[in-house]
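Peer 1: The primary structure of each chain is shown beneath.
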Amino acid sequence: MPIVIAPSGRSLRIVRIAADEKTKKHLENLGITVNGEITVLSASGGSVVCKVKDGRIALDRDVSTKIFVA
Amino acid sequence: MKKFALAGNPNSGKTTLFNSLTGATAHVGNWPGVTVDKRDGVYKKTPEPVAIIDLPGIYSLSPYTPEEVISRNYVLDEKPDCVVNIVDATNLERNLYLTTQLLEIDVPVVVALNMIDAVEKAGDKIDVAVLEKKLGVPVVAISALKETGLKELMDKAYKASLEKREGATVLADSSLAHLIGDVKIALKGQGVENPLFHAVKLVENDSIETEMHKELSPMVEEFKATFEDDVFGDDFEAIIADGRYKYISANFAQTVARKEKDRQKMTPSDKADKVMTHKIWGIPIFLAILFAIFHLTFSEDFLYLGAIFKLPSLEDLGLLTAEGEPLNYGVRWLACVYDGALFSPGVILNNIWNDMLVGELFGWLGGLVEESTMSAWAIGLINNGIFDGISAVLSFLPPILTLFLFFSILEDSGYMARIAFILDRMFRRFGLSGRAFMPMIMGFGCSVPAMINTRTLADEKEKTATIRVIPFFSCGAKLPILTAVAGAIVAYFGVGNADAITFGMYVLGIVAAIVSVLLMRNTSLKGETPPFIMELPAYHAPQFKNLMAHLWDKTKHFVKKAFTIILASTIVIWALSHFAFDWRFLEDEQINESILANLSKLVQPLFTPLGFGSQLGQYGWVFVVAVVAGLIAKENVIATFATLAACLMAVVGMDFGELAIDAEDGIDAVQAMVMATGITIPALISFIAFNMTTIPCFAAVGTAKGELDSKKRYVGTLLFWLASSYCVGAMVYTIGSWWWTCFIWIAVVALTVTGIVLVNKYGKNGRKLLWARGK
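The listed protein sequences correspond, in order, to chains S and V. Sequential numbering of the first sequence, starting at 26, is according to our numbering. Sequential numbering of the second sequence, starting at 626, is according to our numbering.
Just so you know, the hints here were simulated from the structure itself, not pulled from any lab data. Please note that a few of the clues may not be correct.
[Stated by the list, open to error] Derived BS3-like pairs: lysine-lysine, alpha-carbon spacing no greater than 27 Å straight-line: (1) 776(V) - 627(V); (2) 91(S) - 904(V); (3) 663(V) - 758(V); (4) 47(S) - 871(V); (5) 663(V) - 849(V); (6) 899(V) - 47(S); (7) 1086(V) - 91(S); (8) 704(V) - 628(V); (9) 849(V) - 884(V); (10) 1151(V) - 91(S).
[Unchecked claim] Chain S is nowhere near these chain V residues, computed Cβ spacing over 12 Å in every case: (11) 688; (12) 761; (13) 852; (14) 870; (15) 981; (16) 985; (17) 1047; (18) 1181; (19) 1303; (20) 1370.
[Said to hold, decoys possible] Anything over 10 Å on all C-beta distances counts as not near chain V; from chain S, calculated: (21) 56; (22) 84; (23) 95.
Even glycine gets a Cβ: it sits at the ideal position worked out from N, Cα and C.
Please model the entire structure based on the sequences and the hints provided.
Peer 2: Now the structure itself:
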């Protein structure tokens, strides 16, 4: 499921990133990679704040619907 | 001299370290993307002095935004003698991702483990010795803020710079190791520098790299064709990223000994964010903070105590003389703080500065000149030309600094990044991402750094649109125009509230920006809104040292400008207004025969639709002069007012004493101009609006030229500023003077919108179709 609707406060594993090349690369640089861990901290109206490694990253609705976790 | 480059993730403390090492006061803030250009300084405590180069923050050596390209190019092309890699110890794994890439370059690297104090404070520990062994380069734990470990860091960096280092990769165990090795050998055979680094980037399909080594692509593709991965397919870049992170967590995660075993625990920062970035409350909280800032800076009734408790004014207390002047020196001080209401801190500062310091100083200086034996024209030049102009500009230092201080606090605390996030959803409707908010809010301070900061925007069209609307966010230099004209409206016409007018003009600027962005993103700058991906830094208390450094820089900049460009402009304007074409010196009363008057009258009719053109009669050209002088620097508008008002007062036969309010801060100058020209309130507001939305100043125009990618865009930007200011000014004046003209404007806007929507829907062919059907 996309992280927009994922439960918050739980460590999740990323299975697919369906964004374009440029965005995907930037996400990888920030630690959001396939097989990597991600924790949703809060989701408000589609925008998501998540915890990746020890950083906090804010994503807009468009991007967060393209990151799929299991 | 040896060159050491500071490289690291955004907001990892490079500039703080740079300032600590070199004694510089470069701008520091708690959000990613403060530094967008490289800068250098010198560190002297090593055996020989070394040049330190501060680079914009980068997450990796495959750049996403233009400012990241600067860092990559510097490290690869300028060949620093050592790269000091700043690593944020509180987010070690993510920061080491960049480190693993830097290690692939053939350059000495030293890792500075920054914010070690924050790690220790949380009760965690990092094993520096193990980290050093695994990375194969020196690691030094430092705190750039508290300036610990800096000497050791620089000594190790100096030692490292004496030896050569060959690139090493953490991908040696990866399934791609063979492929990378083969490409590296091929590159080495061609004599390419940093073969390992380029080999990895080529395999990654890095766009800059494939462009640079086109001839190798077929070979790399051939190698790649033989390769298949179960999880990633042929997504090589993802395999490499995964390889790096896997290596990092396998080797370095253990060097961090955490006090809390549970990594899911909410930090205080996370808890604060639950409120600050709340779906419903986020925006109201932001607006409340903004209002509080304006209240603390401008309000003459702090916390509305005066209105609530009906406090007595100084007159009621019998502390004023019959002429309305303070009884004694003590009361003068009291009047700076209180008069029927407690003033807000910004206003108190402003009163003390203007009434007690600047007013006294220039009054005294003026007296000295008046009594001297200089010729009449020299006294005129010094008193009316230079002193009036400079003091009018200097008198605005307090509100500018107060506003700037509050924005620095927002910036340093980490809240700025949150505002960008909560505004993102709103910005998206206008076709921008929340990231564009950063440069825009910087525009309230000064357009020049704001325009440079647009480098953090990854999309070229978004960047252009943002640069164009930055001047609409009224900068510190425009604030004097707002407060002086608004003050004069209230003092002369006795209507409205000066604070409300000032605040209203800020809002007008923002509305103009929104409308322009919408217009541009639907016509000339169409394109997808780029995604919003931003790191939110942990909140921290603003650093006193940083705040003071910001204020000091701002003050220096302002005072320097006042005594250079503005001083020069006022002298030129005074001279042009006191000489006729035949070089005859003119008395103040003869101002209408001056060179300046004759030239300005030529263009005066152009401003008639805006309310300050031909309808103002023989002295109306003074507003034209102010506008034109404002194109050089916006402080000139008020300086020009002050210089010309001295003449106009002679013309209309009055002196400063006749005006009710205190003589400083430009309000009286504007009043004199109102008396001489009979300008109306709508025309005055249109004058402010025009100045706010027109070509900002020479410095900003130069910056825009440098930041925009093509000459066409640059010329387009200049035309856009002229057109938008003319439209906004005309709209304000006509609607303000004759309310029914709003129907005409509504009709014009409706037609434009329908036109744009239709063209966008049917395209160019569609327009022909519609046309044909109409026939």
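Peer 1: Each of the hints needs a verdict: does it hold here or not?
Peer 2: So, going through the hints one by one against the coordinates:
1. 776(V) - 627(V): 17 Å, holds
2. 91(S) - 904(V): It holds: about 21 Å lies between the C-alpha atoms, which stays within 27 Å.
3. 663(V) - 758(V): Violated - the C-alpha atoms of residue 758(V) and residue 663(V) are around 31 Å apart, more than 27 Å.
4. 47(S) - 871(V): The given pair, whose Cα atoms are some 22 Å apart, holds under the 27 Å limit.
5. 663(V) - 849(V): 37 Å, violated
6. 899(V) - 47(S): 30 Å, violated
7. 1086(V) - 91(S): Distance ~23 Å between residue 1086(V) and residue 91(S) Cα, so the pair holds.
8. 704(V) - 628(V): 8 Å, holds
9. 849(V) - 884(V): 45 Å, violated
10. 1151(V) - 91(S): 23 Å, holds
11. 688: Contrary to the label, residue 688(V) does not stay out of reach of chain S, its closest Cβ about 9 Å off (not over 12 Å).
12. 761: Answer for residue 761(V): holds, closest chain S Cβ roughly 22 Å.
13. 852: Non-interface label on residue 852(V) holds, nearest chain S Cβ at 17 Å vs cutoff 12 Å.
14. 870: 6 Å, violated
15. 981: 47 Å, holds
16. 985: 51 Å, holds
17. 1047: 8 Å, violated
18. 1181: Nearest chain S Cβ is 35 Å from residue 1181(V), so the label holds.
19. 1303: 53 Å, holds
20. 1370: 34 Å, holds
21. 56: 5 Å, violated
22. 84: The assertion about residue 84(S) is violated, with a minimum of 6 Å to chain V.
23. 95: 13 Å, holds
In this structure, the hints that do not hold are numbers 3, 5, 6, 9, 11, 14, 17, 21 and 22, in rising order.
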